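Student: The lines below spell out each chain.
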Amino acid sequence: MKMEHVDGRDAGKVVLFALSTCGWCGKTKGLLKELGIAFDFVYVDLLPPEEMDNAIATIEKYNPAGSFPTLLIDDKNVIIGFREEEIRGAFGK
Amino acid sequence: MTTADISDDDVEKQFQVLDSEARSGGYHLNPDLEFTKKLVHGLLVNESRYGYPACPCRLSRSIKAEDLDIICPCNYRDPDLDQYGACYCALYVSDAILSKKKSLIPVPDRRPPRSERNSRKTIHTISSGSLSYPVWRCRVCGYLCAREEAPLVCPVCKAKKERFERFM
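These protein sequences, in sequence, are chains C and Y.
Just so you know, the first sequence maps onto residues 3 to 95 in my numbering.
Just so you know, the second sequence maps onto residues 409 to 576 in my numbering.
No lab work stands behind these hints, which were simulated from the structure alone.
Check the hints yourself; a few may be wrong.
[What the hints assert, rightly or not] Restricting the straight-line Cα-Cα distance to at most 30 angstroms, the calculated cross-link-like pairs of lysine-lysine (DSSO-like) are:
id: 1; chain 1: Y; residue 1: 510; chain 2: C; residue 2: 29
id: 2; chain 1: Y; residue 1: 445; chain 2: Y; residue 2: 472
id: 3; chain 1: C; residue 1: 35; chain 2: Y; residue 2: 508
id: 4; chain 1: Y; residue 1: 510; chain 2: C; residue 2: 31
id: 5; chain 1: Y; residue 1: 446; chain 2: C; residue 2: 29
id: 6; chain 1: C; residue 1: 29; chain 2: Y; residue 2: 421
id: 7; chain 1: Y; residue 1: 569; chain 2: C; residue 2: 29
id: 8; chain 1: C; residue 1: 15; chain 2: C; residue 2: 4
Note that this is a predicted model, so its numbers are computed, not measured.
Could you build the full structure based on these sequences and the hints that come with them?
Tutor: Structure (structure tokens):
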């Protein structure tokens with residue numbers, strides 16, 4: 003699955019599954035940029051069908067509801083939705 | 409219209425339509441205009457992609473029959489407004505949020521996960537033997553009407569005929 007990379011401070015493996023049309027996904031991406039950490043993101047709604055299926059299967063492993071935004075940290079910690087305090091807390095700010 | 413063709417003017421026009429429909433039904437759009445207009449843009453994108461305005465914060469698979477519950481206004485808006493003061497994407501907010509008595513909090517998705525969606529239950533229909541007309545219920549706002557067929561558009565929430573179910 004092709005991810006877009008945003009440069010920044012290394013805070014582990016940070017992956018954001020988002021939708022290009024979603025306001026809360028936009029706010030989450032904005033917050034990660036504000037925190038200045040490096041992360042990868044993918045707009046799942048823009049993926050071709052097969053890749054979309056793979057992305058959904060990955061998201062559902064960590065977030066059974068399959069909802070957006072899903073933020074995955076180091077392949078184990080997951081933050082579902084734009085939970086600003088939790089996201090700031092996860093990156094020590 | 410392709411995604412790239414959606415102009416600020418299109419967004420503004422659709423915002424005005426949604427705002428006036430919301431007011432007439434006693435609903436409110438989110439007063440954060442910048443955020444709200446991004447969602448309206450998302451709805452127009454989805455309408456051009458899928459042929460219907462699926463929720464901008466949920467993933468559509470472009471199969472209308474499977475997405476009827478998330479066509480905006482979605483079937484989950486009213487219970488979310490009651491419980492959280494906003495719908496899932498926060499296009500719509502409650503009186504309390506509008507008057508700043510409450511602040512917005514993230515709304516968990518009330519839509520059942522994919523694995524449970526196929527077994528979506530239909531409502532219990534009460535026997536209508538003694539009624540002169542069937543009764544139709546709007547799945548979005550609960551409006552009921554007794555007539556041969558459901559109305560083309562819900563007079564309260566503007567949901568289309570396909571969102572109605574037989575109630576009695």
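Student: Taking the hints in turn, state whether each one holds.
Tutor: Verification of the supplied hints:
The straight-line distance between the Cα atoms of residue 510 (chain Y) and residue 29 (chain C) is roughly 20 angstroms, inside the 30 angstroms bound, and the hint therefore holds. A C-alpha spacing of about 24 angstroms is found between residue 445 (chain Y) and residue 472 (chain Y), which places the hinted pair at or below 30 angstroms, so the restraint holds. Restraint check for residue 35 (chain C) and residue 508 (chain Y): satisfied, since their Cα atoms lie roughly 28 angstroms apart, inside the 30 angstroms limit. Between residue 510 (chain Y) and residue 31 (chain C) the alpha-carbon distance is near 25 angstroms, which keeps this suggested pair within the 30 angstroms criterion.
Between residue 446 (chain Y) and residue 29 (chain C), the direct Cα distance comes to roughly 11 angstroms. Compliance with the 30 angstroms bound is thereby established for this hinted pair. Taking the CA atoms of residue 29 (chain C) and residue 421 (chain Y), the gap is near 24 angstroms; set against the 30 angstroms cutoff, the hint holds. A hinted pair counts as satisfied when its Cα atoms are at most 30 angstroms apart, and residue 569 (chain Y) with residue 29 (chain C) does not qualify at roughly 34 angstroms. Using a Cα cut-off of 30 angstroms, the hinted pair residue 15 (chain C) and residue 4 (chain C) holds, with the two alpha carbons roughly 15 angstroms apart.
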